[in-house]
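Between the sequences and the hints, there should be enough to build the whole structure, so can you do that?
Letter by letter, the chains look like this.
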Amino acid sequence: MHTLWILIIGSLVGVSCALVGCFLVLRRLAMLGDAISHAVLPGIVIAFMLTASRNTLPMLAGAGAFGVLTAWLTDVLIRRGQLQSDAAIGVTFTWLFAVGVILVSAFTGHVDLDVDCVLHGEILFVPFDTWTVGGVDIGPRAFWILTGVTLANLAVIGLGYKELKLCAFDAALAAAMGFNVALWHYLLMGLVALTTVAAFESVGAILVVAMLIVPANAAYLLTDRLSVMLLLAGLFGVLSAVGGYGLATLIDGSIAAAMAVFSGLLFLAAALLSPTHGALGYYLARRARHVSPRETMGSEPAINA
Amino acid sequence: MNWLEFFQFGSVNVRTVTLGCMVIGLSAGVLGCFAFLRRRSLLGDALAHAALPGVCVAFMLTGTRDPLVIMLGAVVACWLGAVSIDAITRYTRCKEESALGMVLSVFFGVGILLLTHIQHTGGAAQAGLERFLFGQAAAMRPHDLRVLSIASVLMLAATAVGYRHFKLASFDPQFMDALNLPRRWASLAMATLLVLAVAIGLQAVGVVLMAAMLVTPAAAARYWTHHLSVMLALAGVFGAISGAIGAYISYLQAGMPTGPWMVVAVSLIFGVSVLFAPKQGLVARGLRARRFRQRTAEENLLRTLYRLGEDRKDWEQAHTSGSLIQYRPMDTAVLLRVMGRLERQGLVYEPEEGLFQLTAQGLERAARLTRLHRLWELYLTQKLNLPADHVHADAEEIEHILTPELEAHLVASLEEPARDPHARAIPEDKE
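Residue numbers (this note's numbering), protein chains in the order written: chain H, 1 to 305; chain E, 1 to 431.
Just so you know, these hints were derived from the structure itself, not from any lab. These figures come from a predicted structure and were not determined experimentally. Quick reminder that beta carbons are idealized off the backbone N, C-alpha and C, glycines included. Mixed in with the good hints there might be a few duds.
[To be verified] Just a few of them, taken from the derived set where beta-carbon distance is under 10 Å, the chain E residues facing chain H:
no.: 1; residue: 11
no.: 2; residue: 46
no.: 3; residue: 92
no.: 4; residue: 104
no.: 5; residue: 106
no.: 6; residue: 130
no.: 7; residue: 175
no.: 8; residue: 178
no.: 9; residue: 219
no.: 10; residue: 264
no.: 11; residue: 267
[To be verified] Simulated pairs of lysine-lysine, DSSO-like, Cα-Cα distance not exceeding 27 Å:
no.: 12; chain 1: E; residue 1: 279; chain 2: H; residue 2: 162
no.: 13; chain 1: E; residue 1: 167; chain 2: E; residue 2: 279
no.: 14; chain 1: H; residue 1: 165; chain 2: E; residue 2: 167
This is the structure we're talking about:
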């Protein structure tokens with residue numbers, strides 16, 4: 001039963017992260033996902049400290065506040081401070097993460113949180129933390145939270161599919177057609193923060209980045225359709241969870257880390273074997289071109305100065 | 001009396017730790033500048049995370065925590081990370097930031113997997129490997145310091161040798177190509193030095209926050225100077241100062257990870273730079289903008305006074321604030337405040353309470369401003385064929401910033417004009 005819960009929770013992490021991850025990847029915001037997942041740490045820690053418990057609502061509020069703070073600080077540094085955007089992101093999230101780590105180190109023992117949890121979560125212990133409603137044990141708390149977040153992600157993507165799609169591929173056109181691009185951007189960032197917090201206990205603040213963008217990138221190499229990409233990314237998320245569990249048992253290490261590694265292996269496989277965008281596909285196509293002299297004459301690119 | 005002991009640097013340990021952190025901050029600060037200038041600040045983040053599996057493998061293979069061995073492992077892993085990023089962007093259609101994020105998180109995953117594996121299986125020898133995550137300066141030994149210092153001196157020497165090429169590659173790679181200089185080698189050398197800076201920083205800062213020691217000092221230094229050499233020096237100094245602060249706090253509070261404190265210290269330096277740097281700081285720029293707004297308001301009122309006197313060619317008469325406001329709508333309180341400033345500068349005086357008149361000096365300034373305004377209007381209508389009723393707003397802005405040189409150009413190209421597009425006389429140049 002314990003194993004089953006770990007697999008289910010891991011899969012839910014994989015699916016919820018992969019869904020929002022697809023839009024991060026398409027909007028070229030992968031590193032912003034990294035920044036947000038780091039920067040919400042002080043919010044989570046402060047919520048832990050204030051409530052002295054793992055209540056979900058304060059945690060979400062704290063993380064949400066710091067997610068917004070990150071976006072705002074980055075924006076201020078770029079606009080008012082005239083700093084280039086990569087450096088603005090780099091300065092902001094490292095600072096907030098450092099503050100978070102210091103808080104964790106200073107209050108270890110007072111709260112049920114330590115540096116290991118920040119780094120790679122404690123998915124092994126998550127199933128023991130169960131919810132009882134009206135005296136009945138209804139299963140791990142993380143399961144219900146992650147189910148909620150996954151459903152929230154699905155709902156937003158389902159309702160705003162057209163808008164999110166247009167914003168992802170052509171934000172200028174979306175703006176010209178009268179869609180509120182900024183609103184959808186912040187909604188997406190909100191979902192990223194929400195998903196990060198929900199996944200935090202299970203996989204920690206850094207490895208969640210892997211779950212956000214690696215399955216999504218693997219799916220990106222296999223299809224040109226957004227709906228298929230979302231499905232594939234979700235599937236890869238589940239596969240990473242299951243495969244990661246296997247890998248972790250095999251070599252006796254952290255399950256969350258093994259999930260990240262397994263997702264990396266999936267990406268590697270996709271990069272090599274994808275029929276349309278894989279290295280093997282490119283290689284075969286190039287060989288095929290060299291075989292046919294008529295095509296070679298036509299396909300030699302002109303010199304692009 | 002813990003803190004006093006620290007500043008006496010009496011014990012070898014304190015000296016070692018402080019110097020070590022300063023050396024690390026210095027080299028990371030200097031070498032981070034190039035990544036910053038090439039807008040690749042987040043590369044340092046990815047490479048630092050990617051170093052972790054190298055540290056673990058080096059330890060698993062040799063069983064020691066000798067800094068040289070660990071550094072070697074870190075360098076190899078960083079290199080693999082850099083190669084992976086390059087391969088992903090080159091051979092797949094994934095974008096660069098996706099490649100950075102994936103290498104960062106997957107390599108880090110491998111590192112954590114190995115680390116937890118070592119923890120679960122290893123004996124007592126593994127203790128202390130986690131300190132490469134967030135840095136633990138207190139564990140630094142004189143031997144570590146020697147290795148760090150030698151590596152750091154070599155890196156700084158390499159930077160000095162390659163300085164001119166690095167500078168070109170950072171600012172104008174195309175020009176470098178045009179001169180047939182080895183751009184790819186310069187990039188490679190810069191990447192190698194970045195990797196080395198990451199590798200030597202691991203012990204004090206740790207892989208997770210190493211990125212900050214590369215980006216933040218450079219970003220802070222950029223606010224103080226426009227010269228690369230000064231920027232490198234400043235970033236190095238900022239890095240070294242935060243290293244000392246991190247070491248100090250880690251000394252006061254045993255068990256506190258050094259890395260986060262170094263990052264907080266350098267972020268504070270950054271915050272001070274953003275706010276108070278003499279030219280580009282927010283405060284200085286705010287003051288400059290405010291002064292400009294004030295001067296604009298003053299000059300607008302001078303011009304209004306000139307315009308009011310122009311109809312009767314009589315500038316010796318005083319005007320009420322009411323007639324000024326009628327001509328240029330504004331709040332009375334604002335008008336009185338601006339007039340107060342003009343009076344203090346001796347450009348306007350009040351013959352009676354509430355009446356304003358230009359002084360001789362003020363008339364001269366007002367005439368010159370009117371002249372610039374009308375020259376510009378004429379230029380726009382004659383040279384750019386704009387209709388006469390469209391040029392006022394534009395002239396309203398440019399009159400405050402036209403220099404005497406531009407004025408001379410305008411006069412020359414308009415052939416000594418006498419009247420503006422609205423048939424008003426252009427005041428003559430007094431000088």
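To see whether the hints hold, each was checked on the structure:
A hinted interface residue such as residue 11 (chain E) counts as satisfied when its beta carbon comes closer than 10 Å to some beta carbon of chain H; here the least separation is about 24 Å, so the hint is violated. The restraint placing residue 46 (chain E) at the interface with chain H holds, with a minimum CB-CB distance near 9 Å, inside the 10 Å limit. The closest approach between the C-beta of residue 92 (chain E) and any C-beta of chain H is roughly 5 Å, which is under the 10 Å cut-off, so the hint is satisfied. For residue 104 (chain E), the interface hint holds, since its Cβ comes within 10 Å of a Cβ in chain H; the closest pair sits about 7 Å apart.
This hint holds: residue 106 (chain E) has a C-beta 3 Å from the nearest C-beta of chain H, less than the 10 Å allowed. Restraint check, residue 130 (chain E) versus chain H: the minimum CB separation of about 8 Å is within 10 Å; hint holds. Nearest Cβ of chain H to the Cβ of residue 175 (chain E): about 16 Å, over the 10 Å cut. The hint is violated. Checking residue 178 (chain E) against chain H: minimum C-beta separation of about 13 Å lies over 10 Å; hint violated.
Taking 10 Å as the C-beta cut-off, the interface hint given for residue 219 (chain E) holds, the closest approach to chain H being about 5 Å. A least Cβ separation of about 5 Å between residue 264 (chain E) and chain H falls short of the 10 Å threshold, and the interface hint therefore holds. Look at residue 267 (chain E): its Cβ gets to within about 4 Å of chain H, closer than 10 Å, so that hint holds up. Between residue 279 (chain E) and residue 162 (chain H), the direct Cα distance comes to roughly 46 Å. Violation of the 27 Å bound is thereby established for this hinted pair.
Of the supplied pair hints, the one linking residue 167 (chain E) and residue 279 (chain E) holds, its CA atoms being roughly 23 Å apart against a limit of 27 Å. Distance check on the hinted pair: residue 165 (chain H) and residue 167 (chain E) sit about 41 Å apart at the alpha-carbon level, beyond 27 Å; violated.
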